[in-house]
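Engineer: All chains should be built: construct the whole structure from the sequences, respecting the hints.
What follows is the residue order along each chain.
6 protein chains.
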Amino acid sequence: MVFASKVVLAVGAHPDDIELGCGGTLYKAVQAEAQVIALYMTRGGKTTDAHVRMRESTEAMHILGVKEICFENFPDTEIPDSFAAMNCLEQYAIKYKPDIVLTHSINDTHQDHRRVGWLAMSAFRNVPKVLAFETPRVRSAAFLPNYFVDITGCVDKKWEALRCHVSQKEKRYLAYESTVNLASFRGSQVGVAAAEAFEIVKYVET
Amino acid sequence: MVFASKVVLAVGAHPDDIELGCGGTLYKAVQAEAQVIALYMTRGGKTTDAHVRMRESTEAMHILGVKEICFENFPDTEIPDSFAAMNCLEQYAIKYKPDIVLTHSINDTHQDHRRVGWLAMSAFRNVPKVLAFETPRVRSAAFLPNYFVDITGCVDKKWEALRCHVSQKEKRYLAYESTVNLASFRGSQVGVAAAEAFEIVKYVET
Amino acid sequence: MVFASKVVLAVGAHPDDIELGCGGTLYKAVQAEAQVIALYMTRGGKTTDAHVRMRESTEAMHILGVKEICFENFPDTEIPDSFAAMNCLEQYAIKYKPDIVLTHSINDTHQDHRRVGWLAMSAFRNVPKVLAFETPRVRSAAFLPNYFVDITGCVDKKWEALRCHVSQKEKRYLAYESTVNLASFRGSQVGVAAAEAFEIVKYVET
Amino acid sequence: MVFASKVVLAVGAHPDDIELGCGGTLYKAVQAEAQVIALYMTRGGKTTDAHVRMRESTEAMHILGVKEICFENFPDTEIPDSFAAMNCLEQYAIKYKPDIVLTHSINDTHQDHRRVGWLAMSAFRNVPKVLAFETPRVRSAAFLPNYFVDITGCVDKKWEALRCHVSQKEKRYLAYESTVNLASFRGSQVGVAAAEAFEIVKYVET
Amino acid sequence: MVFASKVVLAVGAHPDDIELGCGGTLYKAVQAEAQVIALYMTRGGKTTDAHVRMRESTEAMHILGVKEICFENFPDTEIPDSFAAMNCLEQYAIKYKPDIVLTHSINDTHQDHRRVGWLAMSAFRNVPKVLAFETPRVRSAAFLPNYFVDITGCVDKKWEALRCHVSQKEKRYLAYESTVNLASFRGSQVGVAAAEAFEIVKYVET
Amino acid sequence: MVFASKVVLAVGAHPDDIELGCGGTLYKAVQAEAQVIALYMTRGGKTTDAHVRMRESTEAMHILGVKEICFENFPDTEIPDSFAAMNCLEQYAIKYKPDIVLTHSINDTHQDHRRVGWLAMSAFRNVPKVLAFETPRVRSAAFLPNYFVDITGCVDKKWEALRCHVSQKEKRYLAYESTVNLASFRGSQVGVAAAEAFEIVKYVET
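Residue numbers (my numbering), protein chains in the order written: chain A, 1 to 206; chain B, 1 to 206; chain C, 1 to 206; chain D, 1 to 206; chain E, 1 to 206; chain F, 1 to 206.
In case anyone wonders, no lab produced these hints; they're calculated from the structure. There could be a bad hint or two in this list.
No copy labels: a pair is met if it fits in one copy or bridges any two.
[To be verified] The calculated lysine to any residue pairs, modelled on SDA-like cross-linking and capped at a C-alpha distance of 25 Å, are:
1) Lys97 to Glu170
2) Lys169 to Val180
3) Lys46 to Ser82
4) Lys171 to Asn126
Structural biologist: Given below as structure tokens:
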């Protein structure tokens with residue numbers, strides 16, 4: 001597995017974005033001895049208490065085996081397209097020297113998501129592998145998955161992580177069925193039982 | 001519903017392609033009093049007896065309520081990119097004057113599928129609405145759905161049709177789970193319980 | 001007609017954008033008993049008196065039969081890519097529950113137009129049908145019309161609306177010839193006498 | 001003008017394709033002392049007498065000032081994607097050493113057009129400038145014009161050439177209005193009175 | 001040469017961007033009697049003294065024969081997507097009436113570069129020819145060169161200009177080898193010894 | 001390295017295509033204990049003696065450490081888009097069960113190259129990783145590399161292989177300088193000394 005023993009940095013806009021986009025992949029990476037860091041750019045405090053959101057994501061990450069969890073404090077729904085935000089991400093690149101970054105697509109209907117996608121493109125320009133994950137808000141006609149990670153056997157674990165988000169539980173995409181449907185559909189596209197889909201931003205095989 | 005009382009022509013390369021790509025949509029169209037014609041360009045005789053394949057698709061279409069079912073006899077796996085094949089399709093356009101054509105995408109990994117997609121682009125140039133449906137063989141990074149039909153409540157009917165294909169039953173994409181997963185996933189992208197996804201080739205609203 | 005008896009919300013950056021992009025379609029929608037709301041994000045006061053611009057668009061909309069006309073007051077030429085602007089649009093979605101939104105493309109050379117396009121993508125994420133209309137400023141190599149509305153018989157009405165914009169009358173795209181040329185050209189692409197062209201952002205057929 | 005004193009080779013599938021796609025540009029090139037060669041790959045004999053079609057195109061080209069007119073004899077509606085067809089085009093490249101080739105787009109709904117587009121891509125690989133012109137059959141959602149030639153003052157001449165095609169006169173796109181509409185629309189996209197639109201295949205400025 | 005005797009405006013985000021993106025082309029334009037203006041939107045003061053950067057670019061431009069060199073003072077790494085920035089560019093359009101603008105691509109991993117690309121799209125909407133040049137930071141999977149300028153014989157001159165940037169000399173892309181590699185590779189794509197590659201934003205041939 | 005200990009099948013249209021497109025990658029794969037098979041679809045006999053071409057490629061592959069070298073006998077410059085050709089490729093998939101296929105892009109100006117690209121898309125639909133390599137004939141405006149293999153330290157070996165093609169030595173792209181330029185340029189795009197660029201057709205990480 002390409003993530004084995006590598007440094008993997010996952011960057012999401014809000015608590016739950018990383019779990020949704022690449023929870024299975026991170027779990028698998030952890031199993032393969034990768035060092036995984038999860039970074040949330042906001043604390044998701046717009047409609048729910050930020051402490052609740054942070055606690056939920058922390059629990060979720062623990063279930064996936066991720067131990068390094070960071071929360072920045074950019075304003076939820078208003079992440080700026082600023083040098084400060086870009087520089088914040090760049091500091092993670094400098095500190096952790098990630099081999100692989102997993103983050104948002106620039107083609108997402110959520111303004112925070114697409115901004116993180118653009119910021120990451122600037123901040124992680126020297127990282128060898130950058131992949132954009134799929135969220136419930138990516139634009140269906142503009143997300144072109146060309147990289148799939150086989151997560152067969154990890155779907156239940158992914159869902160275990162997702163159900164930590166009790167405060168968001170009424171959201172359809174956090175239901176067990178949705179988790180299974182997505183993983184099965186993406187798997188069926190490439191001939192495995194379950195997969196997570198990514199769009200390559202940049203990929204250097206060394 | 002836009003298909004209501006309209007003439008809808010569905011064109012597939014092989015028996016089961018139409019059912020897979022737009023079975024739910026056709027069922028719904030029939031309920032809405034559309035005149036639906038299903039046309040298969042081959043009889044699927046490459047690996048199974050052609051009579052079996054034809055009988056299975058005929059049963060499947062009957063379950064969906066489609067009464068006009070046509071089988072051309074182009075060679076399975078070798079549909080030619082010829083004037084004869086194009087002209088064959090054009091005769092259906094002349095005979096039925098369809099308002100809407102549902103057919104294959106030009107971005108499909110099956111050679112028969114993509115050829116039908118190109119032939120249809122020529123043959124149905126004067127049809128107001130042409131939509132490319134999704135098959136298990138479309139290229140995941142080149143099928144960009146921008147038109148969805150809500151098939152909530154029709155998924156079981158679609159599967160009832162698909163299971164008529166007893167000769168193909170070992171194929172994963174004909175399983176009940178696959179049918180549900182696909183419909184649920186495509187539905188989740190647009191906020192309905194179940195959907196079929198299409199890529200618009202041409203669409204004129206009159 | 002798909003707009004018949006539906007709630008249609010048209011969103012433009014400046015007075016005259018809606019008329020230019022979808023005036024014929026709105027007129028036709030009104031004839032078909034749609035409830036049409038026209039929303040302008042600015043009052044166009046940069047180079048002309050805002051009251052004049054508002055009055056002209058109000059007259060134009062009346063000619064098209066549109067009765068609900070709203071003007072927000074974001075700064076002309078400087079519509080911000082802010083949460084406030086996005087939220088403003090979202091309030092219209094909540095209030096009117098539109099079935100169809102017609103708005104700007106994200107591929108437009110006017111900064112206000114493309115920002116409205118992006119804001120709309122976020123704000124109207126739950127609207128079943130979102131279409132981007134064509135303005136004189138869309139990028140010719142990046143506007144890919146795949147949805148056309150037949151406006152045969154409505155072109156003169158569209159022009160009647162456009163000529164209300166007396167303060168802008170020296171602009172070429174507001175001339176009678178331009179109106180006819182565009183409608184005829186777009187019509188010729190799909191085999192009708194006159195049409196307006198759109199790029200689908202999202203389309204769910206229910 | 002970039003065509004001035006250059007060798008310009010225009011390649012069309014059928015008599016009238018070149019006139020429609022770049023008649024104004026050729027006229028202008030001739031005025032600017034270019035050596036222009038018009039090559040038709042078929043004689044258009046499918047539905048009309050080939051001699052009539054050839055005579056009409058010859059007259060049309062003479063009106064535009066083009067003196068070298070060649071007709072190959074590939075089967076109308078069935079131009080093959082063969083080495084022979086490619087080689088035929090390559091011989092023109094060898095004989096005339098064109099600086100600029102104007103030909104069909106690979107994104108055209110007419111099978112002959114798109115095949116000529118692909119053949120030209122192979123045959124003219126060493127020509128510095130290759131441009132795809134617009135025909136009434138190009139796919140509206142896949143023709144992305146990024147190169148425009150100002151034909152202000154040449155539109156009437158273009159139409160004079162088009163009306164030589166008496167045998168095709170019932171075709172809408174050969175009407176005077178269509179000629180003017182297209183030229184005016186394409187002109188309006190780039191701020192001139194009239195233009196022809198092209199998609200660059202390859203362009204080297206020497 | 002299309003640049004001969006024309007007004008050419010090159011716009012870069014930072015000192016060295018113009019030299020890198022189109023130094024050879026500008027040198028050739030100057031030889032062909034073009035009036036060339038180089039405009040830098042920032043003074044590059046983020047990590048080096050701005051006066052040093054300005055002096056280096058001034059020297060570089062003089063080597064290329066460019067005499068009109070302008071420096072705006074937008075903040076390095078934080079060029080705003082504002083009306084003021086757009087208007088600043090528009091004033092250059094009004095003052096110089098450029099025939100051709102050479103500037104950044106909107107698909108660049110550097111935030112300043114892509115913003116200048118977007119600003120230019122708005123500000124130079126009435127300029128007949130706008131080309132986006134290639135920088136070391138353009139996105140390799142989203143920069144689609146379709147316009148090449150033959151700079152055979154000008155590569156050493158380009159490098160002479162680049163090596164004026166003593167303060168940046170540790171950057172790989174400013175090395176002699178990089179300059180030659182890029183020019184040779186882009187040349188090889190179109191059959192000349194050396195070339196600079198551009199993506200057309202808009203091109204009107206008059 | 002992802003190729004380590006894997007089965008890698010490289011498919012080219014003509015002797016020298018594989019060496020040019022992925023010679024460095026294959027050499028590296030061999031070093032990492034991959035089982036590499038090189039398959040040429042033609043023997044390149046159009047303009048040179050086929051035995052010479054085969055011998056040259058065999059030598060070249062031996063230099064790269066590739067031991068399994070296969071030559072099919074489809075007609076040079078006329079590889080058919082037939083079921084037979086597709087089936088031929090599929091037999092290799094069945095026999096070798098490759099983990100990774102490296103082959104031509106469908107966007108290549110050489111008709112044989114693009115046909116192999118399409119045939120491969122059908123034949124290798126069940127292979128987890130399919131990558132399209134870069135040839136001197138890929139379309140510069142349609143090859144979008146998103147996957148790079150670091151071949152630092154392997155460029156001389158690649159050239160050693162290329163210079164076996166004595167019969168083709170007058171071709172520019174077989175010169176030492178071209179080999180270095182390409183590798184350096186592609187390397188510079190992703191921050192390594194030398195690289196080969198690929199476009200992902202499909203990629204499943206297991």
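Engineer: Decide, hint by hint, whether the structure agrees.
Structural biologist: Each hint, compared with the structure:
1. Taking the shortest Cα distances, Lys97 and Glu170 sit within 25 Å of each other only across copies (21 Å), while inside one copy they are farther apart (37 Å).
2. Taking the shortest Cα distances, Lys169 and Val180 sit within 25 Å of each other both inside one copy (16 Å) and across copies (22 Å).
3. Proximity of Lys46 to Ser82 under the C-alpha cut-off of 25 Å is found in both arrangements, the shortest distances being 20 Å within a copy and 15 Å between copies.
4. Taking the closest pair of Cα atoms, Lys171 and Asn126 come within 25 Å of each other only across two copies (13 Å); inside a single copy the shortest separation is 36 Å, beyond that limit.
The earlier numbered hints are all upheld by this structure, with none contradicted.
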